[in-house]
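Colleague: Residue-level listing of the chains:
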Amino acid sequence: MKHAVPNAILPLVTLAGLDLAGLLSGVVLTETVFNWPGIGRLAFEAIFNLDIPLIMGTVLFSAFLIVVANLIVDLLYAWLDPRIRLGDA
Amino acid sequence: MVLSVVLTAVFAPIVAPHDPTRAVAQTFGDPGFPSRAFPLGTDQLGRDVLSRIIFGARISLTVGIAAMAVTMTIGVAVGLAAGFFGGAVDFALMRFTDVMLTLPALLLAMAFVAVLRPSLWSILLVIGLVSWTSIARVVRAEALSLTQRDFVISARSLGASSIRLIGRHVLPNVMPIVVVMAVLGTSGTLLLDAGLSFLGLGVPPPTPSWGRMVEEATTYFRTAPWLAIFPGLAILYAVMGFNLLGYGYLRRRGRSSA
Numbered sequence: 152m153k154h155a156v157p158n159a160i161l162p163l164v165t166l167a168g169l170d171l172a173g174l175l176s177g178v179v180l181t182e183t184v185f186n187w188p189g190i191g192r193l194a195f196e197a198i199f200n201l202d203i204p205l206i207m208g209t210v211l212f213s214a215f216l217i218v219v220a221n222l223i224v225d226l227l228y229a230w231l232d233p234r235i236r237l238g239d240a
Numbered sequence: 003m004v005l006s007v008v009l010t011a012v013f014a015p016i017v018a019p020h021d022p023t024r025a026v027a028q029t030f031g032d033p034g035f036p037s038r039a040f041p042l043g044t045d046q047l048g049r050d051v052l053s054r055i056i057f058g059a060r061i062s063l064t065v066g067i068a069a070m071a072v073t074m075t076i077g078v079a080v081g082l083a084a085g086f087f088g089g090a091v092d093f094a095l096m097r098f099t100d101v102m103l104t105l106p107a108l109l110l111a112m113a114f115v116a117v118l119r120p121s122l123w124s125i126l127l128v129i130g131l132v133s134w135t136s137i138a139r140v141v142r143a144e145a146l147s148l149t150q151r152d153f154v155i156s157a158r159s160l161g162a163s164s165i166r167l168i169g170r171h172v173l174p175n176v177m178p179i180v181v182v183m184a185v186l187g188t189s190g191t192l193l194l195d196a197g198l199s200f201l202g203l204g205v206p207p208p209t210p211s212w213g214r215m216v217e218e219a220t221t222y223f224r225t226a227p228w229l230a231i232f233p234g235l236a237i238l239y240a241v242m243g244f245n246l247l248g249y250g251y252l253r254r255r256g257r258s259s260a
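Read top to bottom, the protein sequences are chains L and F. Residues in the first sequence are numbered consecutively from 152, following our numbering. Residues in the second sequence are numbered consecutively from 3, following our numbering.
Pulled out of the complex, with its shape left as it was, chain F reads as follows (with noise of 0.2 Å):
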């Protein structure tokens, strides 16, 4: 399933079969039913879903993979400190994460797009800011526990420097448990970006964008529902996909979900 969101999505100027920012119907002013020519239909713009659609894979992959990148580099950063380092730094940084728990994720996204204007750039970075508690306490729980192992502490009895010690030893050991959360986070980031849209926050139109999709479709709900069909199914199969994919992956290896 993500194999067949993330081929359309690189190879969307090919798949798409319309201009999706321009109009090419005759339906300017009311929405087109799913015809033929375009197959799932267009909206009151003349658009066509399809390509719209298409198109809008790459803006929410894009946005998913990226802002997951984002709070992995801090997560991982803050586990990794929190866990290797221990006593006061630990306390500190797990304080702070306790106070980023408390405050609700859209909201403070929405505070932070609202404060910085919407573009890619900042919507990458406010959903990276906001996601990235899971993954240092998961981090955090591995780098604990990989400190106290033989190997770690044998390196650093042979004067092994910390940044070494870390690079080396820990890091590589808490790879995977983080590509599996990584995957797993991708739906939470592609949610995000997508209620993100919807409240109008998000990549700023003729863009096409899944949430914004549904947003836009909401006041023609009645007469046209496909509208918002169509971007909902989308979501719902990019975020199945890699939730699928990430327990997949957890079940094949024997482990328990962290």
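Here chain L stands alone, though its shape is the one from the complex (with noise of 0.2 Å):
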């Protein structure tokens, strides 16, 4: 486990950051389906509606949230895997 871990974490950690833009694609249905008050249905409400102010807010809102999920994954990067250093060329 101690061998097998450490070297197989990385390759899942950058997919689990670039799934996250899928989840969000998916949240948008599920919440729509559940009717969960949530960001997936008010972006969804917020294109029946056209309000076009609601739909950029959203969209820039799932923007960042992704850009920080990927800011963690190469910042977790560096800690998991000692051979990473930040900053380098």
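None of these hints come from the bench; they were simulated from the model. Keep in mind it's a predicted model, so treat the numbers as computed, not measured. Virtual Cβ for every residue (Gly too), placed ideally from N, Cα, C. No incorrect hints appear here.
Only part of the chain L face toward chain F is listed, based on derived beta-carbon distances under 7 Å:
no., residue
1, Leu175
2, Ser176
3, Leu180
4, Ile198
5, Ser213
With the hints as a guide, dock the two chains, each given alone in a separate frame, to form the complex.
Modeller: Have a look at this one:
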């Protein structure tokens, strides 16, 4: 375990970061189906009512979430793999 | 699997037992259980579910494949330009691709469709505009490695123009992986189209579309579950078919997935 997990965790973390975009797409569908009041349903209703500023806001917010998640993934890289240093060329 | 879906879509008018847009059963207001005459049941307006699924295959397949064509065009063009020219062009195009990658696909597609009125053409364009980034990345990697190969360098030293180099040397060698990614991506565009139709932003009614059929079935889920089960199964079948086709081809060629 001590040998397999540290080596295997890097691609997993990368994919998790990349998958967040897909998850945020799915959350729109899921929240609409189950009628949960959340960002997904807010986005859906904004698009249906053609509320342009709200649409821009939700898209901006999800993009922000994804960028932050990718940043965390990159920082996690440096912590997980001591061979990678932040800021090296 | 894919062949059966494609054949059903092409021969739809012959295969479907009833007209999918006109009511044929007496079940207005009350969905009918699957019976001898209507193998998959009828929906709340009296339309035959089986015919709607068969005609829906036409629409879904058209959207899936045509959207994939749009995706391919944009993605391959961007990837080739980035990989071949390198330098500043590569940097700028890749930053743009990264920006497109951070925006969730369905959300962006919904926003685009809300602005352009939902119709067959706008759906195709929108799904294509949203899904090209993965293709562009893969094509760029391939183009980068191909540009350094001997035959391209020798052709360039013989004085071939850039267009000729890309068209005759780089593009044909990039095509195999592009074709595989196209097949795999079709499942993605099919799902995206089903999602858009489910949210009401797909092809306008009464044209049957699998996602829209599932959406219309949600109100009747307790009393008439077959209205939602069969379109859902159809979506599953088509998407899985394209996925299996793509992965099978990849495995046969012995290459790991891109």
